[in-house]
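Undergrad: Residue numbers (this note's numbering), protein chains in the order written: chain A, 1 to 339; chain B, 1 to 339.
Treat the hints loosely; a few may be bogus.
Since the list gives no way to pick out one identical chain from another, each pair is judged satisfied if it fits inside one copy or across any two copies.
With a straight-line cut-off of 35 Å between C-alpha atoms, the simulated DSBU-like cross-links for lysine-lysine are [said to hold, decoys possible]:
no., residue 1, residue 2
1, LYS264, LYS220
2, LYS68, LYS275
3, LYS173, LYS106
4, LYS106, LYS264
5, LYS106, LYS141
6, LYS63, LYS264
7, LYS13, LYS106
8, LYS68, LYS210
9, LYS68, LYS106
Simulated from the structure, these hints should not be mistaken for laboratory data.
Protein chains: 2
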Amino acid sequence: MKLTFSPYTLSLKHAFTIATSSRSTTPVMLATIEHEGIVGYGEASMPPYLGESHESASRFLSKVHIEKYESPFLLERILGDIDSLEPGNHAAKAAVDIALHDWVGKMLDQPWYRIWGLDLNEIPYTSFTIGIDAPKVVRRKTEEAGAYRVLKVKLGGQNDKEMIDAIRDVTDKPIRVDANQGWTDRSAALKIIEWLASKNVELVEQPMPKAQLEDTIWLKERSPLPLVADESAVRLSDITEITDGFHGVNIKLMKCTGMREAHKMILLARSLGLKVMIGCMTETSCAISAAAQLSPLVDWTDLDGAALISNDVFRGATLQDGRMMPSSGSGIGVDKLGT
Amino acid sequence: MKLTFSPYTLSLKHAFTIATSSRSTTPVMLATIEHEGIVGYGEASMPPYLGESHESASRFLSKVHIEKYESPFLLERILGDIDSLEPGNHAAKAAVDIALHDWVGKMLDQPWYRIWGLDLNEIPYTSFTIGIDAPKVVRRKTEEAGAYRVLKVKLGGQNDKEMIDAIRDVTDKPIRVDANQGWTDRSAALKIIEWLASKNVELVEQPMPKAQLEDTIWLKERSPLPLVADESAVRLSDITEITDGFHGVNIKLMKCTGMREAHKMILLARSLGLKVMIGCMTETSCAISAAAQLSPLVDWTDLDGAALISNDVFRGATLQDGRMMPSSGSGIGVDKLGT
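Please model the complete structure; the sequences and the hints are all you need to start from.
TA: Have a look at this one:
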C-alpha cells in the first residue's frame, strides 16, 4: 500500500470574504492511496485561517507509514494510528481518510452512500455561498446562483442588514446565515436574528465566538431560528459539549479528519437530538464528492466548495435540481481530470 | 426481493436458570432475504420472558412487504420503515436486519467487520455462562467451560456467594457477574459487589431493577466494579439515559432490532465514555455470527448462545483461543447446515 501527495492551489472565481479575512486562492494537498492496482483519491483543503499549509501537510503526511498496514480495509486502526501521530493536521488526516475510503469503495465496487445503506432521495438542497461585498456585487452574485434553491450568506460584518436587503431585492429564496463568530454582544445578536427570522432565513450558523458558549446558551433559549455550531464543534468529542448552545452542528470533513469521523459525528449528533449540516471549505470535487456520500443522513447540505473555484481537477458529485448528488461511481465517485 | 421465515425451536444442552425463570428450549424464527440469486440469512431469538413468540413474529413478519423496495442496499430506509410498523417485535425486526446485512455483505463479497473497517485482532475474550444451580452442578459446568477464558455467572438469587465459591473451587478464571435485576436493596448490592471484587470478578451486569435507576446511580458512585446496563438499555434512545447509573452497556441484536442499530449504539456509547459489551440470547450460529462481526468494537463479548444449544443449524463464528471469531465468509459469515 502506497500513499502519495502533491500540493495544488485552488483559484477562487471571486475573492472570498468572511467576517475575519479575504482571499482569492486556497492551498490544497491531493493524495492517493495505491494498492492492488486500485487508486483511491483524497484531498486536504487548507484555508489559511485554520493553520494548515502545503508545508505542514507535507511534513505530516511524510510521517504516515501506510505501507506497514496489510490492507486499506483496516480503516479504524489505520486512521486511529494516524490521528494519534500528532494533534491538529485535521485536513491532512482527512486527505488520507478520503483516499482510503475511495479505495475501499472501489474494491467493494459501490459508492459509499450504498455501503452505508443510504437513499439518494433523502439528500436535502445544498446552499450557495454569497460572500460579504457591496450591495451591487451581492445582487450580481445572487443572480449567478440561479441553479441553487438556497443561499448562504456570510454575515457578522458591519453591513449585515444591507447584505440581506440586497439579496431580497433579487430573490425570495431561503437564506442560511453564517455569522462566523462575528457577533460578540448577545442582545444585539438576538435582535439581528429576530430581524432575520422575518426575512425567510432558515438558520444561523455560529452566531457568537466559540469562547462565548454561555452567551450562546442564552441566545439559544430565545432565538426564533435554529443555531448551528461550526467553529464550536470541530471533532466528535465536541458534540456532547455544545448541545445546550446549539440546535444543530455543521460537520466538515476538513475539520473532523474525514469521512469516518464525520459519519460517527452525524450518528452521535442525531442520537443527542441535534440537527446536522454537512459543509465544506473551498475544495475540488474530490472532497465535495466524499462529503456528498454522507449527505442523505443530514438536514442541510452546504457543498458549493467546488463551484467556487475555477480550476477543479476532479469530476464527481454534481448539482441536480438544487441537490449535490454523488455520481454513480464507486468509492467517493470521482474521476481525475486529465488522467 | 423476497422475505421468507420459518419457526424453529432450539434445544438447550442444560436447562437455563436466571434470577426470574428456568427453561430448556428457546423459540427462534429463521428468516431469509432472496434477491438477484443471493440469499441472506437472519434469525430472531425469542426467550419467552421478553414477550415475543413464533406467533408474534409470524404475524409481524407477514406485515413486512420487502418486495416493494428496489434493493437491500437501502438498509436505512427499509429498517426505518419496518421499525415504525409497530412498537416492540425487536427480535423479529432483528431477523430482517440480519438477513439484509448478510445479503449486502455477500453482494459486496466481504464480511461486515471488513466493511465496517474493523480489525479481528481487536476482538476481546468471550465469556461462557453458568446458570444458577446447585454447587455440584456449577462445578461440573465450570469444568465443561474449559475452552473459555472468562466465565459469566447469573446471580441475583438466594445463593450468590455459594455460586461464586463453587466456581472458585475449580478455577480462578475471571468472572463476569450478571444479576439480571435481582438485587433490590442498594446497600446489600454494594456489599455483595465489594465481596465479588475480591474474587477476581470483572464487572457486574444490571445489578438492580431497571426502575431503580436512582439506586443504581448511588451504587455506581460506590461500586469497586464496573456496572453494565442490560435491561436498562434496550435501544439507541436508552443510552443517553443511563450514563449516570452505569459504566457500560450490554448491546444485544435481539434487544435493539439488529446489526444496524447495534453499530450506532456502540458508536454512541463510546462517544459518551461508556464501555461496551456485546451479548446474545440462546441463538443459532446465525445471530451469533452477526454479533461477532461487531465485536472488534467492544470491550467485552458474551457470545456463547450457540454453544448452549444442541441443534444449531448454521456454521459460522467459532471459538478460537477464547475469542468468538467470525468466519472468513462474506456477509455475516455463515453456512446453513444441511443445505
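Undergrad: Does each hint fit the structure? Answer for all of them.
TA: Each hint tested on the structure:
Taking the shortest Cα distances, LYS264 and LYS220 sit within 35 Å of each other both inside one copy (25 Å) and across copies (28 Å). In this assembly of identical chains, LYS68 and LYS275 lie within 35 Å of each other by CA distance solely across copies; the values are 29 Å between and 39 Å within a copy. Proximity of LYS173 and LYS106 under a CA criterion of 35 Å is satisfied in neither setting, with 38 Å inside one chain copy and 45 Å between copies. In this assembly of identical chains, LYS106 and LYS264 lie within 35 Å of each other by CA distance both inside one copy and across copies; the values are 21 Å within and 24 Å between.
When the C-alpha separation of LYS106 and LYS141 is checked against a cutoff of 35 Å, the pair qualifies neither within a copy, at 37 Å, nor between copies, at 49 Å. In the homo-oligomer, the alpha carbons of LYS63 and LYS264 lie at most 35 Å apart both inside one protomer (26 Å) and across protomers (32 Å), since each shortest distance falls under that limit. Only within a single protomer do LYS13 and LYS106 lie at most 35 Å apart by alpha-carbon distance; the minimum there is 32 Å, versus 46 Å between protomers. For the identical chains of this complex, LYS68 and LYS210 are neighbours neither inside a copy (39 Å) nor across copies (47 Å), given an alpha-carbon limit of 35 Å.
With identical chains, the CA atoms of LYS68 and LYS106 are at most 35 Å apart both within one copy (21 Å) and between copies (28 Å).
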